[in-house]
Every structure is written in C-alpha cells, then in structure tokens.
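Here is how the chains run, residue by residue.
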Amino acid sequence: MTLKEVVEKLGLSALTQELANDTEISGAYTCDLLSDVMANGKPGNLWITMQTHQNILAVVRLKDLAGIIVVNGRQPDGDTIEKAADEKVSILGTGESAFSISGRLYRLLEES
Amino acid sequence: MHVHTCLSPCADVNMSPLAIARQASSVGVDIVGICDHNSAENTPAAVEAARKHGIHVLPGMEVTSSEEVHILALFDELQAVMKLQEEVYRHLPGENDDETFGMQVVANVEDEVLGFNPRLLIGATTLDVGEIVDKIRSLGGLAVAAHIDRESFSLISQLGFVPEDLDLDALEISHAISHDEAVERYAPSLPVLQSSDAHQIDHIGRCRTTFMLEEVNISEMRKALGAKEGRQVVR
Numbered sequence: 000m001t002l003k004e005v006v007e008k009l010g011l012s013a014l015t016q017e018l019a020n021d022t023e024i025s026g027a028y029t030c031d032l033l034s035d036v037m038a039n040g041k042p043g044n045l046w047i048t049m050q051t052h053q054n055i056l057a058v059v060r061l062k063d064l065a066g067i068i069v070v071n072g073r074q075p076d077g078d079t080i081e082k083a084a085d086e087k088v089s090i091l092g093t094g095e096s097a098f099s100i101s102g103r104l105y106r107l108l109e110e111s
Numbered sequence: 000m001h002v003h004t005c006l007s008p009c010a011d012v013n014m015s016p017l018a019i020a021r022q023a024s025s026v027g028v029d030i031v032g033i034c035d036h037n038s039a040e041n042t043p044a045a046v047e048a049a050r051k052h053g054i055h056v057l058p059g060m061e062v063t064s065s066e067e068v069h070i071l072a073l074f075d076e077l078q079a080v081m082k083l084q085e086e087v088y089r090h091l092p093g094e095n096d097d098e099t100f101g102m103q104v105v106a107n108v109e110d111e112v113l114g115f116n117p118r119l120l121i122g123a124t125t126l127d128v129g130e131i132v133d134k135i136r137s138l139g140g141l142a143v144a145a146h147i148d149r150e151s152f153s154l155i156s157q158l159g160f161v162p163e164d165l166d167l168d169a170l171e172i173s174h175a176i177s178h179d180e181a182v183e184r185y186a187p188s189l190p191v192l193q194s195s196d197a198h199q200i201d202h203i204g205r206c207r208t209t210f211m212l213e214e215v216n217i218s219e220m221r222k223a224l225g226a227k228e229g230r231q232v233v234r
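Heads up: the protein sequence lines correspond to chains E and G, in order.
Position 107 of the first sequence, counting from 1, maps to 106 under numbering that gives the first Met the number 0, and the rest follow consecutively.
Position 140 of the second sequence, counting from 1, maps to 139 under numbering that gives the first Met the number 0, and the rest follow consecutively.
To be clear, the hints were calculated from the coordinates, so they are not data collected in a lab.
Quick reminder that beta carbons are idealized off the backbone N, C-alpha and C, glycines included.
Be aware that one or more of the hints could be misleading.
To be verified - Only some residues are given here: those of chain G computed to face chain E with a beta carbon under 8 Å:
id: 1; residue: E67
id: 2; residue: T99
id: 3; residue: F100
id: 4; residue: A123
id: 5; residue: E150
Unchecked claim - With beta-carbon atoms standing in for the labels, derived distance ranges:
id: 6; chain 1: G; residue 1: E109; chain 2: E; residue 2: E86; range: 32 to 38 Å
id: 7; chain 1: G; residue 1: E109; chain 2: E; residue 2: M49; range: 42 to 48 Å
id: 8; chain 1: E; residue 1: L107; chain 2: G; residue 2: V26; range: 54 to 60 Å
id: 9; chain 1: E; residue 1: G94; chain 2: G; residue 2: G27; range: 45 to 51 Å
id: 10; chain 1: E; residue 1: A19; chain 2: G; residue 2: L158; range: 30 to 36 Å
Work out the full structure, taking the sequences as your base and the hints as a guide.
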C-alpha cells in the first residue's frame, strides 16, 4: 500500500505541501518518545505521534520512515513545516487520537 | 547556568570551551554552567579557559532521562561530574550519526580538536528522573529540571507535573518566558532560575540569573536558591 492510498482511505490531511505519494508503507509505529522510535522504528514505517517539534524530522531521516501522522488535530510549528519541506518529509494530520488512528491503520494494512 | 559546547551535536561547532569563556567574560557573565548532553568531556577545558578569562565554570551535564526529561547537573569539581558521566555512559545506548544530528567535538583549551565522541549523546539514558536526581545529589551536585516551560524534553511536557518526591534544587525556565509568568503558570514550590541554554555564541547571556553569594560554589548557590543565611537570588 502506498502513502497516497493510506491518506485517502484514512482521510488524513496533508500538513506539508508535498507528499511522497508513491512510498510503500511497510507498517507503522506509534510512540511519543523519540529515543524509542529511534530504537524500534523500521524503514518505510509511518510514525504516529503527537510530537510536533523539529526533532521529529531527524528521526524520520535516521530511520528512513515513510512519514509522520500527527494526531489529536495538533499542528506542527512553522519551523517544523519549513524544515520538512527542505528535507522532503511527509507530515499528515488527523483529528483522531493515536489509539483510534493506529487501530484503523492496522486494520487497513492487515486487510491489504 | 546552562551552556552547551561543541560536544553537544545540536550546538554550533564554534562553541569551543575557549570561545565560551571569552564571550561570557565580554558580556558580563561571571558564572557559566557547562551542560552538554549526556557528557562532560569538554568541562576540563572549560574550567581551564574560565581561569584564563577571570570567570567561573561549574562543570555540569544535561542528562536525558528514560522519560526524555532533561535534568541539569552542576558540580564544584571535575571529579564529581566525571563520576556522573561514568554512570550516564553505562546507561546510554546508541551511536551518533554525525550527518543527522551534528558533530560531537571534544576540544582542549587551545581550541584544538582532541577527537569526536561516538556515543548517541542526543539519545535518552535508561535512567529515570528519580535515579538521575538521586545520583546527582549523592555526588554533591545541584539538580535542576531543565527548561520546564518548553514543550518538549521538559518535566512538564513529559510528565505533566513536578513529582513531589523528586529531590530537585530548582526548576529552570528558558529565555522564552519571564520569572513572573513562570510563577503564575506553574505556581512552583521550588526556586526558579533562568538560563540561556546557549547552543550558539550569541545566546550566551541572553538571559541569566544573578546570585548573591559569598563564594562561587554549589553550597552557596543552594543557600541562595533557598534564600538562606543572607544569600539570595537577585531579582
């Protein structure tokens, strides 16, 4: 399943202007501790988190993650968005909680 | 009380111990707490550089707990901070990625590069806040919850509150809010101090805390924070 399909099927909003639509999603990881994602995230994973500060981009880069889904309707800072554009990181948003979006994404990936 | 050197990957590479001492002296900062992430390898050079520029350096560290809370440790002696470093290194997994996080430069007092720290200094230790604060206190240091007003890596952002049984000496606020705003927002039961958290040269002294002390040492600072025996924090 590609990033584009996940965005459409889960009704996510694009928080960065450009999305890497064709990225193959290998799975997902839900966690708010950066150190934990750095230890356990896998390449191609979507990262589900409430964190919105700049440091999340370094984690995406380091672990070659497919992108970030920010939950609870939270908005990344201007700095984060700007830097994400430079680094070509896809950030998506949802008004749902981490629990809810994780469940829906899990089901989506299992059924595909 | 909270300045990073070029050892911290997120700090400018020109934050050498010598440059920091020079800059602090030129902006009228008398006491600098050197607090790099999870390491104190630049504190010996900083202490020496301080002597040459007529200021004081308190060797310290900014330790990242397993909950991703930043706790500042400040000491009188290099020996004590090195013992904390030993403990931190024992509980700090991972290797640095220079390109992603930045270089971790170990320097001497003459601005010469001695080497690069290979550890993941930007990472979290496996020690929780209680363990870190206890260790700092057992080594005779000052334990301060760093930048509590920040939205990330602060006691408030990570835990939502200041645990009652945490043996802290003070709470630190960043340059982003004033002391009065902090008192209103947090109704703190601990003394509040403010530091620059300087990661680049022009940040040094952008905000500061003034202490009235008889001598520059941790015991005096503790008295000042507690407004004891005539020592105080000057507001």
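Each hint, compared with the structure:
Interface hint at G:E67: satisfied, since its Cβ lies 5 Å from the closest Cβ of chain E, which is below the 8 Å cut-off. At a threshold of 8 Å, the smallest CB-CB gap from G:T99 to chain E is about 5 Å, leaving the interface hint in force. At its closest, the beta carbon of G:F100 sits 6 Å from a beta carbon of chain E; the interface hint therefore holds under the 8 Å criterion. At a threshold of 8 Å, the smallest CB-CB gap from G:A123 to chain E is about 4 Å, leaving the interface hint in force.
Proximity of G:E150 to chain E holds as hinted, the smallest CB-CB distance being about 6 Å (cut-off 8 Å). Distance hint check for G:E109 and E:E86: the Cβ-Cβ separation is about 36 Å, which falls inside the suggested range of 32 to 38 Å. Taken as a hint, the range 42 to 48 Å holds for the pair G:E109 and E:M49, whose Cβ atoms sit roughly 46 Å apart. Taking the beta carbon of each, E:L107 and G:V26 are about 56 Å apart, inside 54 to 60 Å as hinted.
A C-beta distance of roughly 50 Å is found between E:G94 and G:G27, which places it inside the suggested range of 45 to 51 Å. Under the hint 30 to 36 Å, the C-beta atoms of E:A19 and G:L158, about 35 Å apart, fit the expected range.
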